[in-house]
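A.B. asks: Below are the chains, spelled out letter by letter.
Protein chains: 2
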Amino acid sequence: MPVLVMKFGGTSVATLDRIRRAAKRVGVEVSKGYDVIVIVSAMSGKTNELVGWVNETSPLYDAREYDAVVSSGENVTAGLMALTLQEMDVPARSWQGWQVPVKTTSAHSAARIEDIPPENIMAKFGEGMRVAVVAGFQGVSPEGRITTLGRGGSDTTAVAFAAAFKAERCDIYTDVDGVYTTDPRMCDKARKIDKIAFEEMLELASLGAKVLQTRSVELAMRYKVKLRVLSSFEEQSDDAGTLVCDEDEIMESNVVSGIAYSRDEAKMTLVSVADRPGIAAAIFGPLSDAGINVDMIIQNISEDGRTDMTFSCPTEQVARAQKAMDEAKSAGEINFQDLVADTNVSKVSAVGIGMRSQSGVAAKMFKTLSDEGINIKVIATSEIKISVLIDRKYMELAVQALHDAFELDKAT
Amino acid sequence: MPVLVMKFGGTSVATLDRIRRAAKRVGVEVSKGYDVIVIVSAMSGKTNELVGWVNETSPLYDAREYDAVVSSGENVTAGLMALTLQEMDVPARSWQGWQVPVKTTSAHSAARIEDIPPENIMAKFGEGMRVAVVAGFQGVSPEGRITTLGRGGSDTTAVAFAAAFKAERCDIYTDVDGVYTTDPRMCDKARKIDKIAFEEMLELASLGAKVLQTRSVELAMRYKVKLRVLSSFEEQSDDAGTLVCDEDEIMESNVVSGIAYSRDEAKMTLVSVADRPGIAAAIFGPLSDAGINVDMIIQNISEDGRTDMTFSCPTEQVARAQKAMDEAKSAGEINFQDLVADTNVSKVSAVGIGMRSQSGVAAKMFKTLSDEGINIKVIATSEIKISVLIDRKYMELAVQALHDAFELDKAT
Chain A
0 MPVLVMKFGG TSVATLDRIR RAAKRVGVEV SKGYDVIVIV SAMSGKTNEL VGWVNETSPL
60 YDAREYDAVV SSGENVTAGL MALTLQEMDV PARSWQGWQV PVKTTSAHSA ARIEDIPPEN
120 IMAKFGEGMR VAVVAGFQGV SPEGRITTLG RGGSDTTAVA FAAAFKAERC DIYTDVDGVY
180 TTDPRMCDKA RKIDKIAFEE MLELASLGAK VLQTRSVELA MRYKVKLRVL SSFEEQSDDA
240 GTLVCDEDEI MESNVVSGIA YSRDEAKMTL VSVADRPGIA AAIFGPLSDA GINVDMIIQN
300 ISEDGRTDMT FSCPTEQVAR AQKAMDEAKS AGEINFQDLV ADTNVSKVSA VGIGMRSQSG
360 VAAKMFKTLS DEGINIKVIA TSEIKISVLI DRKYMELAVQ ALHDAFELDK AT
Chain B
0 MPVLVMKFGG TSVATLDRIR RAAKRVGVEV SKGYDVIVIV SAMSGKTNEL VGWVNETSPL
60 YDAREYDAVV SSGENVTAGL MALTLQEMDV PARSWQGWQV PVKTTSAHSA ARIEDIPPEN
120 IMAKFGEGMR VAVVAGFQGV SPEGRITTLG RGGSDTTAVA FAAAFKAERC DIYTDVDGVY
180 TTDPRMCDKA RKIDKIAFEE MLELASLGAK VLQTRSVELA MRYKVKLRVL SSFEEQSDDA
240 GTLVCDEDEI MESNVVSGIA YSRDEAKMTL VSVADRPGIA AAIFGPLSDA GINVDMIIQN
300 ISEDGRTDMT FSCPTEQVAR AQKAMDEAKS AGEINFQDLV ADTNVSKVSA VGIGMRSQSG
360 VAAKMFKTLS DEGINIKVIA TSEIKISVLI DRKYMELAVQ ALHDAFELDK AT
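So the protein lines, in turn, are chains A and B.
Numbering-wise (numbering that gives the first Met the number 0), the first sequence opens with residue 0 and increments by one.
Numbering-wise (numbering that gives the first Met the number 0), the second sequence opens with residue 0 and increments by one.
Bound-form chain A, shown alone:
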């Protein structure tokens, strides 16, 4: 029988009633003839409670013990979901990560899945079991200790199972009904997207549209796993939600598919840096070592052997970035006059695979912002994305103006 993977996030299993509602959705797919693998998160709030206890007990905790404690929430939901399905006469059982086993690296609290041998679960499907309920977010290390995949890791668990079991589709049930052209709280013309390409979803995910964990989209792209994002709180039709898939499966695509934003960015400028071969490495090496997520980088034209180097990073990392640069200066690795931080900026991006074949997108974006009197501070582009840093106070205006300009309120 074909296999379907269904993943339910914390809000979708927050109470026994919600677990029942989710189980009914599973029952519908079983009655269509699927063998179903259900991936569950912890009941919402539980993981935070456990993380709180660990932090209070040991601020610099042993990540192996953190994982042993924090993974327990998913085990509870998995057992309760299996019992709920059994009550509905659906043959089901729960599996903890080590029982499958979900083999991961030993990088505790940020482990990567290395292998999911399908034999054990497939054997049970062969014996008549119809649903395997698997505790998400967790696995087992080569040393036999429990690992977790990091926050949002249940999405990754779901995609990895879909790949390992060659599932027809991986349905991610969440508290929103799909991926939108932009954040509906910021722009009331935002429209749900029916189909979106992996690459676009990746850019949207990493730009702050937090519907799916970035790693899960990467994994889905690599293994060509069809991902569907849909709401667990609404009646569902077969084409509900948003399908994230290969671009070949999208007949017609907009030039721009969505407008993403990231509110808390900071613009950092190293003033009057000595310009010499290797200077970029000398700057961004220490920043990388300090764990700074540098996003955009621009270098001004050099004058008299000195230049200005500007980069952006999340606001919360500014202090750490400053410390790293000051230390590099003290160590004589780089030489600059001043480091100026502008923490009042936001990033707005237009994303779309249509950009590859169509020119003029950047020009249209810049003109739209200019018409609204918004000054662009930094520009960065990729094949399918154009991002700008602007003053934070203009962010909402920029998102709305760009959404209008690219006519995202109209279906393809």
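If you're looking for bench data, these hints aren't it; they were derived computationally from the structure.
Mixed in with the good hints, there may be bad ones.
Just so you know, same-sequence chains aren't split out, so a pair can sit in one copy or run between any two.
Keeping only pairs whose Cα atoms sit at most 25 Å apart, straight-line, the calculated SDA-like set for lysine to any residue is [claimed, not checked]:
(1) K23 <-> D61
(2) K194 <-> M121
(3) K31 <-> R262
(4) K31 <-> K223
(5) K23 <-> A62
(6) K102 <-> R63
(7) K188 <-> K392
(8) K376 <-> Q399
(9) K322 <-> T306
(10) K223 <-> L286
(11) K188 <-> R391
(12) K123 <-> R63
(13) K23 <-> N54
(14) K23 <-> L49
(15) K23 <-> L59
(16) K102 <-> R144
(17) K363 <-> K409
(18) K23 <-> V50
(19) K23 <-> E55
(20) K223 <-> E28
(21) K45 <-> D174
(22) K23 <-> R63
(23) K123 <-> L59
(24) K225 <-> L286
(25) K31 <-> D88
(26) K392 <-> A330
(27) K225 <-> R111
(28) K45 <-> S57
(29) K123 <-> A106
(30) K409 <-> D274
Because the structure is a prediction, the values reported are computed rather than measured.
For this one, chain A is given, so just place chain B on it according to the hints.
C.D. replies: Okay, now just chain B, sitting in the frame of chain A:
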């Protein structure tokens, strides 16, 4: 290094503060030179919450899923205890049942421990780890599924580890400071016992002195594990609490060591039963099949081929016992005129290994009760115990009178 097992119950690990207090006790034993195995229960209230969820989800639950859900509370405590010890610079790690592994039967929710291979933990002790924190109450079945040992199973886990690791002693930390000559709430002259024999503890435990789970005492007796019961809420000296040990280690023992009681007993009488060979089997077979815990049994002198048969059982089982007897009558297996249930009785028992060698205990007990005007309804005796059923309203009076009569307020 010698191994010590320390077990902390739910109230002793109910909060992070209490876990810290327990960890300090562990630290003291480590500093004395012990390698310590700590067995932890779930934080108090957690297991009840999980059991509640399972019952609400599925009243006739799959015990395998029940075990998967309910065992998670101990995993949380084990991780938090290991982290707390690490914060105190004590090398420690947590172990879940399947990791040790604690091998059990497949009798889910009432599994029995079959084997605890000590190799994995001993290897870690050899590498410098000083404390293995083990989640109590759980194990793994031959099929690789999680099992639990039934309520109070953490005591049994502790004794089984003490036996497997040939521990010098097994310290059970709880919310009382030891075993008393009787319930202090019922008799203010009750005195803590310093040493008690396994056999006596077994009788006291099964008679309702709920300090230790009966199975754990049986196991300790079989493997000669020295058990110490002590409070986790008081400063401890080396001879704190009560030592439960082989009778050989008790120099002088009282004839009677303790007075136990069981409040909610019922006295059932089958009136005018046809007396024939095999009649007892015909009565107590169906009762056993119905899961009735029959305790005392008396048969009156036969008259005209008919007799009265009286037995006692817990009050809550009366309805089920009546049903079983009525069905046996309908099936023609037994014949009786009437079944009379007296649910206003309690059981009071005097327990002591000294009874084996000293006569007159029963006579003293009966006279004491008679002097107080208390009528004895049923009597049962074993080698080291005399039990009587009396009207419930006299229970407290009987306990106090017997405690005085056997001079239990005086140390040996």
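A.B. asks: Compare the structure with each hint and give your call.
C.D. replies: Results of checking the hints against the structure:
1. K23 <-> D61: Close across copies (19 Å), not inside one copy (39 Å); limit 25 Å.
2. K194 <-> M121: neither (31 Å within a copy, 56 Å between copies)
3. K31 <-> R262: Neither way: K31 and R262 sit 43 Å apart in one copy and 56 Å across, limit 25 Å.
4. K31 <-> K223: within (23 Å within a copy, 59 Å between copies)
5. K23 <-> A62: Result: close only across copies, 22 Å inter versus 36 Å intra.
6. K102 <-> R63: Both, since 15 Å and 23 Å are each at most 25 Å.
7. K188 <-> K392: Classified as within: same-chain Cα gap 20 Å, cross-chain 77 Å, threshold 25 Å.
8. K376 <-> Q399: within (19 Å within a copy, 88 Å between copies)
9. K322 <-> T306: within (21 Å within a copy, 95 Å between copies)
10. K223 <-> L286: neither (34 Å within a copy, 62 Å between copies)
11. K188 <-> R391: So K188 and R391 pass the 25 Å test inside one copy only (21 Å; across, 76 Å).
12. K123 <-> R63: between (31 Å within a copy, 15 Å between copies)
13. K23 <-> N54: For K23 and N54, only the inter-copy Cα distance (19 Å) is at most 25 Å; the intra-copy one is 37 Å.
14. K23 <-> L49: Between. Shortest inter-copy distance 22 Å satisfies the 25 Å Cα cut-off; intra-copy 29 Å does not.
15. K23 <-> L59: So K23 and L59 pass the 25 Å test across copies only (19 Å; inside, 42 Å).
16. K102 <-> R144: Both. Shortest intra-copy (10 Å) and inter-copy (18 Å) distances satisfy the 25 Å Cα cut-off.
17. K363 <-> K409: This pair counts as within: shortest intra-copy Cα distance 18 Å, inter-copy 97 Å.
18. K23 <-> V50: between (31 Å within a copy, 23 Å between copies)
19. K23 <-> E55: Only across copies: K23 and E55 sit 17 Å apart there, 38 Å inside one copy, limit 25 Å.
20. K223 <-> E28: For K223 and E28, the Cα distance is within 25 Å only inside one copy (21 Å; across copies 56 Å).
21. K45 <-> D174: Close inside one copy (17 Å), not across copies (28 Å); limit 25 Å.
22. K23 <-> R63: between (36 Å within a copy, 22 Å between copies)
23. K123 <-> L59: The answer is between: 22 Å across copies meets 25 Å, while 41 Å in one copy does not.
24. K225 <-> L286: Cα proximity of K225 and L286: none, with 36 Å in one copy and 59 Å across.
25. K31 <-> D88: within (15 Å within a copy, 57 Å between copies)
26. K392 <-> A330: This pair counts as neither: shortest intra-copy Cα distance 38 Å, inter-copy 86 Å.
27. K225 <-> R111: within (21 Å within a copy, 46 Å between copies)
28. K45 <-> S57: both (19 Å within a copy, 22 Å between copies)
29. K123 <-> A106: between (30 Å within a copy, 20 Å between copies)
30. K409 <-> D274: neither (48 Å within a copy, 92 Å between copies)
Figure legend: structure checked against the earlier numbered hints; hints not met, in rising order: 2, 3, 10, 24, 26 and 30.
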